[in-house]
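Asker: Here is how the chains run, residue by residue.
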Amino acid sequence: MLKIEKLNQFYGESHTLWELELDVPKGQCTCVMGRNGVGKTTLMKCVMGEETTSSGSIQFDGGTELTKQKLEERSRLGIGYVPQGRQIFPLLTVEENLRTGLAVRKDGSKKIPERIYELFPVLKEMKNRRGGDLSGGQQQQLAIGRALVIEPQLLILDEPGEGIQPNIVAQIGEVIRRLIKEDGLTVLLVEQKLPFARKYADRFAIMDRGRRVAEGEIAELSDELIKKHLTV
Amino acid sequence: MWLTQPLRERSTQIFLGVLFAALAIVTFLHVAMPEDSALYVSAYTVTLLGKYLCYALLAVAVDLVWGYLGILSLGHGAFFAIGGYAMGMYLMRQIGDRGTYGDPILPDFMVFLNWQELPWYWLGFDMAWFAFIMVLLAPGLLALVFGFLAFRSRVTGVYLSIITQALTFALMLAFFRNEMGFGGNNGLTDFRDILGFNLRTDATRLGLFIATGIALAIGYVICRGIVTSKLGRVSIACRDAEARARFLGYRVDRVQLFVFVVSAMLAGVAGALYVPQVGIINPSEFSPLFSIEVVVWVALGGRATLYGAVIGAVLVNYAKTVFTGVMPDAWLFALGGLFVLVTVFLPKGIAGLLASRRKGKQDEPGTPAAPTTTEATA
Amino acid sequence: MSILEELSNRDRVFEFLTPAVSPVDTRHGPILYMEDVNVSFDGFRAINNLNMTIDDGELRCIIGPNGAGKTTMMDIITGKTAPDTGSVWFGSRHNLLTMNEPEIATLGIGRKFQKPTVFEALTVFENLELAMATDKRVIPTLRAAMKAEFRERIGEVLETIGLQELRNQLAGILSHGQKQWLEIGMLLMQKPRLLLVDEPVAGMTEQEMERTAELLTSLAGKQSVVVVEHDMGFVRSIARKVTVLHQGSVLAEGSMDQVSNDPEVIKVYLGEEEA
Amino acid sequence: AEDPIKVGILHSLSGTMAISETVLKDTVEMLIAKQNAEGGVLGRELEAVVVDPASNWPLFAEKARELLAQEKVDVIFGNWTSVSRKSVLPVVEELNGLLFYPVQYEGEESSENVFYTGAAPNQQAIPAVDYLMNNIGVERWVLAGTDYVYPRTTNKILETYLMDQGVAKEDIMINYTPFGHSDWQNIVSDIKRFGSAGKKTAVVSTINGDANVPFYRELGNQGISASDIPVVAFSVGEQELSGIDTGPLVGHLAAWNYFMSVDSDANYDFIDQWIEHTGNEEAVTNDPMEAHYIGFNMYIEAVKKAGTTDVDAVKDAIIGVSVPNLTGGYATMMPNHHITKPVLIGEIQDNGQFSVVWETPSTVAGDAWSDFLPGSRDLIADWRKPMFCGSFNTATGKCGASAGEMAAEEAE
Amino acid sequence: MLPRLSPPQLAFNRQDTIMSILRSLTLLLIALVSVLSFPASAQEDDLGKALLNNLAEAPASRVEEAINAIVSSGDERARGWLEAYGNNRLSRIDDTGQVVIVLNNRGRDWEIANPLTGENMGEMSRRELDRIAINNRIRGQLEGILAMLDLNAADPDVREASAQDMMGKVDASLVEPLEAQLEREENASVRNRIEEALAIYRVGEGNLEAVDVLAGSLHPRARAALNEAVRSDNPALADKAEQALASIEQKLKLNRAAETLYFGLSLGSVLVLAAIGLAITFGVMGVINMAHGELIMLGAYTTWGMQQLLPGQPGLALILSIPAGFLVAATAGIIIERSVIQFLKGRPLETLLATFGISLILQQLVRTVISPQNRTVVTPEWMSGSLVINDALSLTLNRLYVLAFALIVFAALMMIMRKTRLGLEVRAVTQNRAMARSMGIRATRVDIMTFALGSGVAGLAGVALSQLTNVGPNLGQNYIIDSFMVVVFGGVGNLWGTLIAGLSLGTINQLLEPWAGAVLAKIIVLVFIILFIQKRPKGLFPQKGRAAEG
Ligand SMILES: Nc1ncnc2c1ncn2[C@@H]1O[C@H](COP(=O)(O)OP(=O)(O)OP(=O)(O)O)[C@@H](O)[C@H]1O
Ligand SMILES: Nc1ncnc2c1ncn2[C@@H]1O[C@H](COP(=O)(O)OP(=O)(O)OP(=O)(O)O)[C@@H](O)[C@H]1O
Ligand SMILES: [Mg+2]
Ligand SMILES: [Mg+2]
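Protein chains in written order, with our numbering: chain A, 1 to 232; chain B, 1 to 378; chain C, 1 to 275; chain D, 1 to 412; chain E, 1 to 550.
In short, the hints are calculated from the structure, not lab data.
On a predicted model such as this, the values are computed, not experimentally measured, just so you know.
Some clues are possibly wrong.
To be verified - Listed below are the simulated SDA-like cross-link pairs for lysine to any residue, each with C-alpha atoms no more than 25 Å apart in a straight line:
1. C:Lys191 x C:Gly57
2. A:Lys70 x A:Gly85
3. D:Lys72 x B:Asp36
4. D:Lys6 x D:Trp274
5. A:Lys199 x A:Lys124
6. A:Lys227 x A:Val213
7. A:Lys106 x E:Ala434
8. A:Lys124 x E:Arg338
9. A:Lys3 x A:Gly216
10. E:Lys419 x E:Phe541
11. C:Lys80 x E:Pro537
12. E:Lys253 x E:Glu228
13. E:Lys345 x B:Gly157
14. A:Lys127 x C:Asp42
15. C:Lys222 x C:Leu251
16. D:Lys200 x E:Ala180
17. A:Lys199 x A:Lys227
18. D:Lys34 x D:Lys72
19. E:Lys345 x C:Ser175
20. E:Lys251 x E:Leu387
21. E:Lys535 x B:Leu144
22. A:Lys228 x A:Leu22
23. C:Lys115 x A:Leu22
24. A:Lys70 x E:Arg338
25. D:Lys34 x E:Ser72
26. E:Lys345 x E:Ser247
27. D:Lys199 x E:Ser247
28. D:Lys72 x B:Val326
29. C:Lys115 x B:Leu144
30. E:Lys49 x E:Val102
31. D:Lys34 x E:Ser125
32. A:Lys70 x A:Gln59
33. A:Lys227 x C:Leu215
34. C:Lys147 x B:Arg10
Could you put together the complete structure from these sequences and hints?
Answerer: Dropping the structure here:
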């Protein structure tokens, strides 16, 4: 679904991503892991187009070269994005936040799919409240809901469980699985919490200082790897 | 000491070096060169430069609050003008009975409008020390009262900008009123002496120019002292994350008030030095558009650098002087175009251009980039 | 010291502020005491008759569903939000409801926000410097000099939060987790009597979580710590007493075991799995 | 050939005053071109030096200094507002320049270096009031003006004058508005009410510049017509009318010393020349343009008479110089540096012109110091030696301080 | 027979209606001619010529006679002559002394016609023509004569208007004809008017009953008459008049209040119009658009341009200017956005610098390309004058239209921002640009469209303002400060706030003006804004809650 090759990225002078390679197979959940500041979020932003890359390629769905696409076109291709830090529109109501995603829906529907509200009932309850007024966890749910509105083929989740109450985290995990199973969704997940990753991801990739240092089936995620790359 | 701190700093040394060198050179060329020499600097030019330096000081004051405190004051002209009026009142009283009506006490315009006696707020302005104190005190006090109200109620962003604008606008209208006793639209003119020196001689002009240069140097060092002190960092903290600063125990309103008052006083001094050099003070100095223009100088020079403000003020005003003479019909195109081009091509102003020139050196702490937060929409 | 300096020190314009050392009085009971607190926003009851006490030196975990009012509670304690009714006391002497944020902060209550907030235009070092427990009035701040002992202290904290290498970087470019650490560092610099920590480990790796846990437990005893967190592993590792908030009031309180076996808590918060 | 005679032009080409002042710049340029076509003066060409003081009063002073000190011009034509003149005055006096000031003003001034070719209050306001009182039978007066010195002084003079004529205090209403005032609803409604007391009412307007358009519009819309409450304006000329739809204004009045519609050959020639110069068939002329026309010709005559452009020589020579004005008469430079002018009252017509309905039987000499202000009643100005004084007090027999000082400097 | 008229001076005469009244008079005059059975003869032309020459040569004191001679001649061309005379269009050729009618008096060469035959005589230099002088007094008389004739008009409205013009102008000689008129008059309101007109005269004569007639009248003349009566020596009359006045004052107070409110709303609507575009570009998009005023100016100049394109049809031109003004300003907006603003994303404060530059350029552009002087924008007939509610209260039409226009524009904008996709996208883009783009919102297009919309609305404001104030290069400068003030006072980003802020600031200003004067009122309003912002630091309608604190 997503194939990243030799990706390099700079923030000004500082080289953040180094010759990065990553494969995200279709219909699976790939989890990117790594310590703070290794460049996970940066990688997601590169895929989304929020940061420009200096070289390398990102191929989507077997051919479309993402680096040549404008930011707003990527969502049209079917990439949904739940950024780190939620990034909801604080002054739009919950409903309006969700509606922003309607423009790129393939079916041109002008209604927010009921399913979103089913997944996150709190959103329905708070439909008319401004996004910024919600509690942190509620905002996170909103961010996920908003990404789902566009009915993506690839869903990028940057630490989705952050700040969410445990039963909802579990629920999000279930949702991910369900979407993968029912809709054939592909998920690219950034997650620090091992139990969660172990439980819901199919594959993993570990990053360190802007490089991918390990990759494999989730089952292959050994303690040794963890010790080597995820502890300080 | 916070005041001597900047003197150890490279950028301040360079700034002061350039400034004093300029003062010395101009003085030398004015005094020592024969008048027909190509190098001769005329009294006209000296006064002109003096005016630029006043504007520069004003711009520094604006940059202090805008660049480091995030308060976009669209009303700094008010403090400038009040300082100017304080000086103007002193100069007016110095005329004595040499006015057209020969009244030893009342200024001409009061005689003219049948005032019988000097209003109370004119008392004391015949004494230089009093007037000079008022130059600092009047704008400072206004800033204190205004700032106290505004910062206490946490007025921020554009709301603050607009009420500063309302302030200067209201003052402009008030000073336009002849009943106010400040000469209405005509303001105060026809000055003769300052501290016993005849204002219409070249020597006095040169003196004023040098005084302005020194005032600018002092003002610059004070501002620099503030911004390099811990208070400067607190200011930036208040600018970028007001709430966080408050939770650390800083009284954001006090910090803002302090810096705002200092800035207003500097603006007042700038105004006071401006008046004897241009020979008139009138309410148009209160015009909101003038204050906006000052902000434009700062932005053009480069925000949050202080020296950028000086560069911006001098450059824009020099451009104005040249353009209004050389291309009187089209100078606004040139000036407007300059503004547009600088914004588009020099995002950090001219100072940013200079800074990128000496790239490679470590970024100095205390000269942070202007934040790119969306203050205006907040 | 000259008279002039003396005078300027006294600083009449910028009125009296408490010195850096907290005068909070806990001889007669808890350090924080909240009673019958209510807050509503446009008719929505965010805090509902909340009662809570925190003892001196205690480490308290607060959990509860999203929107339970945890952050709002902290807002009330730190003076950001004024409650509609109720009383909040810091020690037995200070009524927090009559004070503003800086006053509360100087009294000795420090806070880490849920969303990491640092001064992005300042360096990591400067961020810590500003947080340092010193006289925070205007003129003293203006005259403050960087003493060696301060430098040392900042160095220590930098060590603790693992940001030595980034000390001269602007805080704006830090990653999410690094900002979290920096904010914790600022809290440490502040040396408050009471720390309010809102979701400290969000975005941290397991190992960093452990470090954070260690850090917080080591603080307890000397200082009182209130932690809000959704990561049950983390809570378990530090928890002594846990309070569960739900819909603005206390749903359950007790040891971690007690709480996590409470069916109500399981239903509204933990879910079957975590329990 | 000799160096050209440099003529400085100090009129705002941008900012708020550009509306009024740009045409004056063009006028002087036209006059210079014409003079050069006739061979210049004293065998020398004239050369215009144009600067833009941008409606900024301190900038006026700076530019004046630039003209005199840097450009070394021989004479300056310029200024419109009183404040700009006040700002420039010390500079011209200090650098001993010559300034021709072409706009009607509040008087109370006479400088050795300034020649006032516009009207003083006694050349505009008082005759206009006389006309309203005697010919229209006005008994109640609204004195409406913009809040600055010219209206203040004019109204003060008029108030004294009217009361001297037996008008009761309650029959005079005085109203001031800020510059550029654009919402006249309340004031016009007040005027309407004031005018409904049964006595014939008129408005004497010293409303300045841009504020006039909304003012007249509101008058028209609130149904106040000229036959009902006439408005006589001192600052509304052809130039201003060219920006107003004059349809509803027919019959309102203005007092000037010149109107474009004046039936005289000199005027027609001037208009032809102006239209040719601007290349615009619709171009209009107005009173300050005439003032510059007169001032310019006086300067030329004085230079011819003095045989030099030396400032002091010209200053001496110009007193007593007479040149034709555009209304078929002559203007003479008086010793007080004001000139003689006829006073005309015109009614607005639907074509944006005024038709003259009344004029003084002969020209009136400008008074530097008003006879109707207590402080200046005793003052006169005379720049001929030996008096050589801008404010000579006839009561004390002494020259005012400022002039005395100048005279002293002169003597050194 | 024509009544012998003493020349009444007409009060509150709508100059612009005179023409139409005159036109309707034609028939009447013709009828009169036949009644007079004036001998139509071959020398008719000579007679007309004599009459005109008589008028032309009459010294000021005899002009009146000459006019009367023309009127009583019954010549059917008299109307045209008098009309021309009243409009300053009657001239004599210098050389021949022939009286001509000037058809077009603009420019140097005037088009003239023969008043006797109506034949066009081509153009003649202005130099050759000598105007036959008229002044206010004579014009008043002329109008008076015609007004009296109007009392016989067929249209009751015309009769009423002319009866109203008679108020306060009645003198002894008019009493009889008016009474006769009253007998004949059937229309009640016309009768009322005539009665009032007579009563004003009678009160002056000391008639007690007449006071009753005037008791309820709001007409200023009636009040003037009563006021005079109060001062009279007759205590009974003074007493009665005083009572009548008191009751009138009561009514007047109400009317004054209504009037002031109208003034306030009207001023407010101007503020709203000027600010509403800024509420979009600044309030919603966050661009500190200093060129906003110049965009307004462009709208106003478009109106002027339209009127130049369609001479003689000011109304049509004005209506067409609405879309045209929008388009011109919107296009300018797009150019500004594309050439400058787009490079300043995320640097809102710098937009101040750039747009300040743009505003200077636009101003000077207008000065250079068009003219530094103001341009004339004509107010169409249907927008002139006022809507008369009663004698004391009338609403000026141009402002009424502007008020309505402001409300319509506001409603339309509200619709766009609340109900369309664009509104949602704009807000999303301004709140979090990167995220909005991640959601597939084409931010660039949204920017262009929003800026165009805001600018276009500024253009609409310009079209409206051209009906109230100067159309000149400084137009924009006069409104920019106020506009920012209104937007901020209302609460940035809140359109309702802009509406309420504009209307309330306008109203407060007008309420204050009568007792504080225009300058002080403005100062008080500004101080009020400053103090108000202390109370509500986020404006009238603040963004509430956590969201706003960010
Ligand atoms: N705008 C920026 N400019 C410069 N450097 C940046 C910027 N944003 C991030 N960085 C740096 O790039 C590195 C990678 O950041 P990134 O946010 O991708 O980390 P991360 O892996 O997502 O960390 P975390 O787990 O804390 O979220 C960090 O060292 C950070 O300091
Ligand atoms: N200013 C406000 N306006 C409206 N509603 C608000 C406001 N502040 C908080 N709320 C509401 O109050 C409730 C409590 O919010 P709070 O942030 O305290 O929750 P929390 O317990 O911290 O949740 P989380 O664990 O998700 O951070 C939420 O439902 C939130 O939507
Ligand atoms: Mg990250
Ligand atoms: Mg929370």
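Asker: So, against the hints stated earlier in the document, which numbers end up violated here?
Answerer: 5, 8, 15, 16, 23, 25, 26, 29
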